[in-house]
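S.K.: Okay, here's what each chain looks like letter by letter:
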Amino acid sequence: MVGWSGRAGAKPMASIALTRLTFNPSNCNISVAGGSVFARWENTFRMQTRCGSTKLILAALFAVATAAAQTAYKPVRTADGKPDLNGIWQALNTADWDIQAHAAAAGPAPMLAADFAIPPGTGIVEGNEIPYLPAMADKRKQNLQNRFTADPELKCYLPGVPRATYMPYPFQIVQSSKTILISYEYAGAVRTIDMGKPTPAPVDSWMGWSNGHWEGDTLVVDVTGLNDKTWFDRAGNFHSGDLHVVERYTPRSADTLMYEATIEDPKVFSKPWKISMPLYRHVEKNAQLLEFKCVEFAEELIYGNLRKQPRTK
Amino acid sequence: MSKRFFEAASGTLIAAAAAIVLLSPAPAAAQTSSTGLLTKEGAKPYTPPRTPDGKPDLQGIYSNASVVPLERPKDLGSKEFFTKAEADAYEKAQMSRHEVVAPGTYGDVHYNMQQFGLEKGQTKVAETIRTSIIVGPEGRVPPPLPAAQARQAARQAAAKGHEFDGPENRGLSERCILWPNEGPPMLPEGYNSNLQIVQGEGYVAIMQETIHDVRMIPTDGRPHLPADVHQLLGDSRGHWEGNTLVVDTTNYTDRTAFRGSSENLHVVERFTRTDPDTVKYEFTVSDPSTWEKSWSGEYLMTKIDGPIFEYACHEGNYGMHNNLSGARAEEAKKAQK
Chain S
1 MVGWSGRAGA
11 KPMASIALTR
21 LTFNPSNCNI
31 SVAGGSVFAR
41 WENTFRMQTR
51 CGSTKLILAA
61 LFAVATAAAQ
71 TAYKPVRTAD
81 GKPDLNGIWQ
91 ALNTADWDIQ
101 AHAAAAGPAP
111 MLAADFAIPP
121 GTGIVEGNEI
131 PYLPAMADKR
141 KQNLQNRFTA
151 DPELKCYLPG
161 VPRATYMPYP
171 FQIVQSSKTI
181 LISYEYAGAV
191 RTIDMGKPTP
201 APVDSWMGWS
211 NGHWEGDTLV
221 VDVTGLNDKT
231 WFDRAGNFHS
241 GDLHVVERYT
251 PRSADTLMYE
261 ATIEDPKVFS
271 KPWKISMPLY
281 RHVEKNAQLL
291 EFKCVEFAEE
301 LIYGNLRKQP
311 RTK
Chain D
1001 MSKRFFEAAS
1011 GTLIAAAAAI
1021 VLLSPAPAAA
1031 QTSSTGLLTK
1041 EGAKPYTPPR
1051 TPDGKPDLQG
1061 IYSNASVVPL
1071 ERPKDLGSKE
1081 FFTKAEADAY
1091 EKAQMSRHEV
1101 VAPGTYGDVH
1111 YNMQQFGLEK
1121 GQTKVAETIR
1131 TSIIVGPEGR
1141 VPPPLPAAQA
1151 RQAARQAAAK
1161 GHEFDGPENR
1171 GLSERCILWP
1181 NEGPPMLPEG
1191 YNSNLQIVQG
1201 EGYVAIMQET
1211 IHDVRMIPTD
1221 GRPHLPADVH
1231 QLLGDSRGHW
1241 EGNTLVVDTT
1251 NYTDRTAFRG
1261 SSENLHVVER
1271 FTRTDPDTVK
1281 YEFTVSDPST
1291 WEKSWSGEYL
1301 MTKIDGPIFE
1311 YACHEGNYGM
1321 HNNLSGARAE
1331 EAKKAQK
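Keeping their order, the protein sequence lines are chains S and D. Going by the working numbering, the first residue of the first sequence is number 1, and it counts up by one from there. Going by the working numbering, the first residue of the second sequence is number 1001, and it counts up by one from there.
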């Protein structure tokens, strides 16, 4: 007798086209033939036969088959044979407000009411913990308390990496063999990723110095030379000038990428930590980044006290 | 500024001094015309390499620093071209000019550009025998139409006496919103006059170092944005004509005010690679609300090693703070008297 037990509602990461699965009860051998499979299904195949109670992890089985078969998603390739990341992308989460899981909360301006409340979010930090060093806890608390005056985003300052990726505005990747340019709608922020031999950052900057290379179908970007002036979000999560970010962009379907970033900063955190999120392609016709030059919207905040006459409104 | 910046800057200074390259003079059989620049090999045509997806490859990091100004100096009248010898002498003179840094001068109060490798003589410029970027017998921006003159006069009248009231009274460049070199048309800037071209499927991206704006130009034939959407850099659409990228830009704001233009500004640019290190850049400017006829210019962009540095203008805008607080201090002083 063969039983099948599995986690109810287990969702496959991609479709499975299994050609043939055969079980030979006389020797308890299981064979899989052909097809494209994926390795992350967590059902267990429990058999109660003459072989005794054998709990087989199906993932291991599929991993064997996968080794000889293709990976889950084969991305479209550019003319020079690399995964094609060209396009307009955007994160669909509220990480810019707070990268950790958070409930909805009132915003800073009661008269702007529901429009400018803080929306909830399930967060993008793996494990939901940010390992601040004990000595850094006070600064984090201070930032959080002063979030509506001290956040550099308020002043339309360049957002740095990785925050630029999950600001609630689109960005565009233009991919050539030697250089991958990422243009962010917000504040005209831009980065160029050098796909040649890695070089050290000649100087610190807001958007950092990016060296990229391919690992299989993943674009890996090593970012150094970041200054200490950006935050990770509006909730005051911060870093030092020693910040080192390694990003991974992996196509997961025709219109989505999986984005992961490892954050390392021994001055602020006791160990590296990771964020991850999908990025979604803008598929509407004639999608376009528009100008979002927010400097003039920040001038009252930055220079208002230096006016000849204060603003009446 | 960090120590690393000084090291990088002095490295650049030394490298730049060694790297000032003058394109070799063309042979006597070289072709010149009122719409052409002298090319290295004269009339020899050049077939540019292609990107993997088959488009002419314009990519690279370039300097568009120029030894000649946008408008022809008045004393040159209708002389559109130098002789080769005159051009060499003119370039030599321009490249050896140093900022005056005597106490109290702009160079003293601002900073000594040469110290940071920011003088023209420390950059790479492309050769030209033209006497100005603007082509034609006049070589100057045409006079504005009467309505445009009235518009500009009204603007100046409204601004008079309020120059330091607040940030909005300062120019777009001082506010780090838009710099005059950005255009389009893209023009040489005082220093770090660099740009980078990256091509991906269906797009040409042009990033100008000052002030890090990216012009994202689709080449898929889509229409412009609706007419009531205005952008400081306008809205650009590109297409290929043989080996030339042609870019059409509309949808400007009336604040862009390129040489006094209105929101009806319309610019057409042409980018053509003429040799492995050079891209010819041509532009035509028209605005029926400002000029009776269109006017054109051209120059060569020359490849540099780079890199493009981050010009975080707004983030480092101490100038705005200092100008406004200085004006308030002056007023307070006057009020006390």
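What the hints contain is simulated information worked out from the structure, not anything from laboratory work. Check the hints yourself; a few may be wrong.
In silico DSBU-like pairs for lysine-lysine, Cα to Cα no more than 35 angstroms straight-line [as the list claims (entries may be wrong)]:
| id | chain 1 | residue 1 | chain 2 | residue 2 |
| --- | --- | --- | --- | --- |
| 1 | S | Lys74 | D | Lys1055 |
| 2 | D | Lys1160 | D | Lys1055 |
| 3 | S | Lys82 | D | Lys1280 |
S.K.: With reference to the structure, classify each hint as holding or not holding.
M.R.: Each hint tested on the structure:
1. Our distance criterion of 35 angstroms between C-alpha atoms is met by S/Lys74 and D/Lys1055, whose separation comes to about 26 angstroms.
2. Using a Cα cut-off of 35 angstroms, the hinted pair D/Lys1160 and D/Lys1055 is violated, with the two alpha carbons roughly 51 angstroms apart.
3. With a CA separation close to 30 angstroms, the supplied pair S/Lys82 and D/Lys1280 stays within the 35 angstroms bound.
Of the numbered hints given earlier, the model fails hint 2 alone.
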